[in-house]
Amino acid sequence: MKIMVPVKRVVDYNVKVRVKSDNSGVELANVKMSMNPFDEIAVEEAIRLKEAGKAEEIIVVSIGPKAAQETLRTGLAMGADRGILVEHDGVAEPLAVAKILKTIVEEEKPGIVLLGKQAIDDDCNQTGQMLAQLLGWAQGTFASEVAVDGDTVNVTREVDGGLETVKLTLPAIITTDLRLNEPRYASLPNIMKAKRKPIDEKKPDDFGVDMAPRLTTLKVEEPPKREAGIKVESVEELVGKLKEKGVI
Amino acid sequence: MTALVIVEHDNVSVKDATLATVTAAKAFGDVHALVAGSGCGAAAEAAAKIDGVSKVLVADDASYAHPLAEELSAVVLSVAGDYDAILAPATTMGKNFMPRVAASLDVAQISDIIEVVSEDTFKRPIYAGNAIATVQSSDAKKIITVRATAFDKAAAEGGSASVETISAADKAGVSEYVGAELSKSDRPELTSAKIIISGGRGMGSGENFKIIEAVADKLGAAVGASRAAVDAGFVPNDYQVGQTGKIVAPELYIAVGISGAIQHLAGMKDSKIIVAINKDEEAPIFQVADYGLVADLFEAVPALEKAL
Ligand SMILES: Cc1cc2nc3c(=O)[nH]c(=O)nc-3n(C[C@H](O)[C@H](O)[C@H](O)COP(=O)(O)OP(=O)(O)OC[C@H]3O[C@@H](n4cnc5c(N)ncnc54)[C@H](O)[C@@H]3O)c2cc1C
Ligand SMILES: Nc1ncnc2c1ncn2[C@@H]1O[C@H](COP(=O)(O)O)[C@@H](O)[C@H]1O
Chain X
1 MKIMVPVKRV VDYNVKVRVK SDNSGVELAN VKMSMNPFDE IAVEEAIRLK
51 EAGKAEEIIV VSIGPKAAQE TLRTGLAMGA DRGILVEHDG VAEPLAVAKI
101 LKTIVEEEKP GIVLLGKQAI DDDCNQTGQM LAQLLGWAQG TFASEVAVDG
151 DTVNVTREVD GGLETVKLTL PAIITTDLRL NEPRYASLPN IMKAKRKPID
201 EKKPDDFGVD MAPRLTTLKV EEPPKREAGI KVESVEELVG KLKEKGVI
Chain R
1 MTALVIVEHD NVSVKDATLA TVTAAKAFGD VHALVAGSGC GAAAEAAAKI
51 DGVSKVLVAD DASYAHPLAE ELSAVVLSVA GDYDAILAPA TTMGKNFMPR
101 VAASLDVAQI SDIIEVVSED TFKRPIYAGN AIATVQSSDA KKIITVRATA
151 FDKAAAEGGS ASVETISAAD KAGVSEYVGA ELSKSDRPEL TSAKIIISGG
201 RGMGSGENFK IIEAVADKLG AAVGASRAAV DAGFVPNDYQ VGQTGKIVAP
251 ELYIAVGISG AIQHLAGMKD SKIIVAINKD EEAPIFQVAD YGLVADLFEA
301 VPALEKAL
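Chains as they are written, first to last, in our numbering: chain X, 1 to 248; chain R, 1 to 308.
The hints are simulated quantities; they were obtained by calculation from the structure and are not laboratory data. Just so it is clear, CB atoms sit at the ideal spot from N, CA and C, and this is done for glycine as well. It is possible that some hints are incorrect.
With the C-beta cut set under 7 Å, the calculated list includes, among others, these residues of chain X facing chain R [said to hold, decoys possible]:
hint: 1; residue: M192
hint: 2; residue: T217
hint: 3; residue: V220
Okay, the calculated beta carbon distance ranges per label pair [what the hints assert, rightly or not]:
hint: 4; chain 1: X; residue 1: A228; chain 2: R; residue 2: D231; range: 25 to 31 Å
hint: 5; chain 1: R; residue 1: A307; chain 2: X; residue 2: K20; range: 16 to 22 Å
hint: 6; chain 1: X; residue 1: E222; chain 2: R; residue 2: A232; range: 29 to 35 Å
hint: 7; chain 1: X; residue 1: E233; chain 2: R; residue 2: D84; range: 54 to 60 Å
With a straight-line cut-off of 27 Å between C-alpha atoms, the simulated DSS-like cross-links for lysine-lysine are [claimed, not checked]:
hint: 8; chain 1: X; residue 1: K102; chain 2: X; residue 2: K167
hint: 9; chain 1: X; residue 1: K219; chain 2: R; residue 2: K26
hint: 10; chain 1: X; residue 1: K219; chain 2: X; residue 2: K231
hint: 11; chain 1: R; residue 1: K171; chain 2: X; residue 2: K102
hint: 12; chain 1: R; residue 1: K171; chain 2: X; residue 2: K245
hint: 13; chain 1: X; residue 1: K219; chain 2: R; residue 2: K141
hint: 14; chain 1: X; residue 1: K167; chain 2: R; residue 2: K171
hint: 15; chain 1: R; residue 1: K269; chain 2: R; residue 2: K194
hint: 16; chain 1: R; residue 1: K279; chain 2: X; residue 2: K231
hint: 17; chain 1: R; residue 1: K194; chain 2: X; residue 2: K231
hint: 18; chain 1: X; residue 1: K66; chain 2: X; residue 2: K16
hint: 19; chain 1: R; residue 1: K26; chain 2: X; residue 2: K241
hint: 20; chain 1: X; residue 1: K219; chain 2: R; residue 2: K269
hint: 21; chain 1: X; residue 1: K16; chain 2: R; residue 2: K123
Required output: the full structure, derived from the provided sequences and hints.
Spelled out as C-alpha cells, the structure:
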C-alpha cells in the first residue's frame, strides 16, 4: 500500500510571532520556517509503517509557495520516496487544501493518508477530517497509536477524557497527536540522497480547485497583554495574597 | 436566523462546554439543540432546560452510542438545511466531526471562535494565541466551533424547549468503537474547574504528583500538566494544558515546575489569577504570573498544602 502525507510549511514552533503594526497579519519576513511539527510525526509514522513492511511507498504532498520544496525535501530526507508540490502563493484554506488532496488521492490511491492534527499557524484542525468526508472515508484523528492489520487499522485517539480506540476500514485518514512517535533527524547521507528524489510540480488549476478564501481576515491583533505581577517571598505571603483576592 | 448547537453529553447530562456554545449561538437569534446518542432521553431533557434553547432535536439510536465522526456528521447533515449556523464546542468531540459537516456543505469552518462580532464576523486565536484574527465568512451557512472558556455559560435551568425526535441517518459503517481508557477522578474536570494546579517536568516523576494532588484535594482543584510531564509518562494525556491540549481559564491557575513555553501559555494565560512556583527566577512563566514564588517545589508545595 501507498501512504500519502500532506506536509505544511509553517513558522517554526520556537518563533514568537509578532503582529504587523498595520494589523494586516503577522510578521513572516526573515522568520524561520519549518515543517509543521505534527506533520513530522506523520512522516515518521509512515516511515515506521514502511519499515514494518506494511507500506511500500510514501508520498509527501505540500500546497504552498515555491519554498515549500524545502519542506518536501525534509520529508524525503527523513525517508519518504517522492514529493508533490502544488504551488500556490497566499492563503490555502483547509477546505481548498482538502479538495486538492482528494484529487491527488484519487490518482495515487493510497491506503492511508496521514496528516497532522493541526497546523500550528492557523490552528484550524480541519483538513484531515474534511478530506475524510470528501472521500467518504473513515477517520482516526489525534492518534497516539496506529496498528495496521490487513484491511483495517486500529487507531488509539487522545480525547478529552483520556484515550479511545476506533477500528477503521481501509482506506482511511489518520491525523497525528504529539505522542504518536518521536520523529527522527535526517542523516547527512539521507539529506544528500533526498536531493535526487523526484518532486512533481503542479498548480491548483491542474486540479480545478478554486483557492479563493472563504474567510477574509479583516484584522490581526495582539492578544490582550498580561502584565507580570509580583514575586512573593514565601508560601505564607502567597497564601495571604490569594486569601486577600478571595480565590481560596 | 436560527442556529443549531450540537450537544455534548454522556446520554444523561449535558457537558458545560455546550452551555458556553449556546451563549455564542444566541448571537444568531433562535437557538435549537441536537442531541444524538443512545438512550439519551435524560440528556435531551437536560438540553431542553438550557436557558435560550427553544427546540431540541433528538436522534436516539445505537449508532450514536459513541460519538463516531462518520455517524455524527451524517445526522447533523440530515438537518443542516434548516439552519443558518451550526455550532459545536471546540472539544476533541467537536473538532472531530464538525469539519466533516463543513466539507459536505462546501463551507469553510471557523474554528475555535472567542467572540461573535456579528453574524458573519468572528474573532479566533491563531499562532498559539499569539495573535487574534478577526475573520469574515462569505459562506451562506456558518459552521463554527466555540472555545468554551471565552463565553459565559448559559444557565442550565430555566428553559422549556420542545423536544422533537428525528430519525437516525443512514449508517456510514466504516468505523467502529473498540474501547476507551478514560481517566477516573473525583476531582473536577479541567475545563470547568475553578482552581487548577498543574505540574511540569520539574515534578520529576508521576509519584511526585502526589504533593500536587494533596493541594488539589484541599482546594477542590483539578490537576493539569505540561506536555513535558505527559510525554514523560508522569500523568495521562488528558491532563495536558496548552495549544494542542486543553484550553482552561479558571479563577486560579497554579503552575508548578513549568517553564512557561508559548504552547503551554496558549492554554492557560486567560486564567484570572496565575501563580508560578519555579526554582529558576528567569523562567518565562513568571512573565505572566500574578504571584511568582522562586523556590524548590519539593519544599514549597508541601508547605502550601500545610498552610491551606
Ligand atoms: C507542536 C507543539 C505543541 C505543543 N503543545 C503543548 C501543549 O499543548 N502544552 C504544553 O504544555 N506544551 C506543549 N508543547 C511543548 C512546549 O514547547 C514545552 O516543551 C513544554 O511546555 C515544556 O514543559 P515544562 O515546562 O514542564 O518543561 P521544561 O521546559 O523542562 O520546564 C521545567 C521547569 O521546571 C523547573 N524546575 C525543575 N525542577 C524544579 C524544582 N525542584 N523546583 C521548582 N522548579 C523546578 C525548571 O526551572 C523549569 O522551568 C508543544 C510543543 C510543540 C512543538
Ligand atoms: N497547505 C498544506 N499543504 C499540505 N498539507 C497541509 C496544508 N494545510 C494543511 N495540511 C495538512 O493538514 C493538517 C491540518 O491542518 P489544519 O487543518 O490547517 O490545522 C496539517 O498538519 C497538514 O498535514
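- Query: Does M192 of chain X pass the interface check with chain R, least Cβ-Cβ distance below 7 Å?
  - Reply: Violated, because the Cβ-Cβ distance from M192 of chain X to chain R comes to roughly 32 Å (cut-off 7 Å).
- Query: Is 16 to 22 Å right for how far apart the beta carbons of A307 of chain R and K20 of chain X are?
  - Reply: violated (47 Å)
- Item | chain R contact restraint for V220 of chain X - C-beta distance below 7 Å | holds (5 Å)
- Could you say whether the range 29 to 35 Å given as a hint is met by the Cβ separation of E222 of chain X and A232 of chain R? holds (33 Å)
- Does K219 of chain X pair with K26 of chain R here, judged by a C-alpha cut-off of 27 Å? This hinted pair holds, its Cα atoms lying about 24 Å apart.
- Query: Do the alpha carbons of K269 of chain R and K194 of chain R lie within 27 Å of each other, as the hint requires?
  - Reply: holds (14 Å)
- Message: Quick check on a hinted range of 25 to 31 Å for A228 of chain X and D231 of chain R, using CB atoms only.
- Response: holds (28 Å)
- Given the proposed pairing of K102 of chain X with K167 of chain X, does the C-alpha separation stay at or below 27 Å? Since the Cα atoms of K102 of chain X and K167 of chain X sit roughly 22 Å apart, the hinted pair holds (cutoff 27 Å).
- K279 of chain R and K231 of chain X: Cα distance at most 27 Å? Judged against 27 Å, a Cα distance of about 12 Å means the pair holds.
- Between K219 of chain X and K141 of chain R, is the straight-line Cα distance small enough, at 27 Å or below? Judged against 27 Å, a Cα distance of about 22 Å means the pair holds.
- Message: Would the hint linking K194 of chain R and K231 of chain X be met if the CA-CA limit is 27 Å?
- Response: The given pair, whose Cα atoms are some 23 Å apart, holds under the 27 Å limit.
- Message: Would the hint on T217 of chain X be counted as holding, given a Cβ-Cβ threshold of 7 Å to chain R?
- Response: holds (5 Å)
Hint compliance for this structure: hints 1, 5, 10, 12 and 19 are broken, all remaining hints hold.
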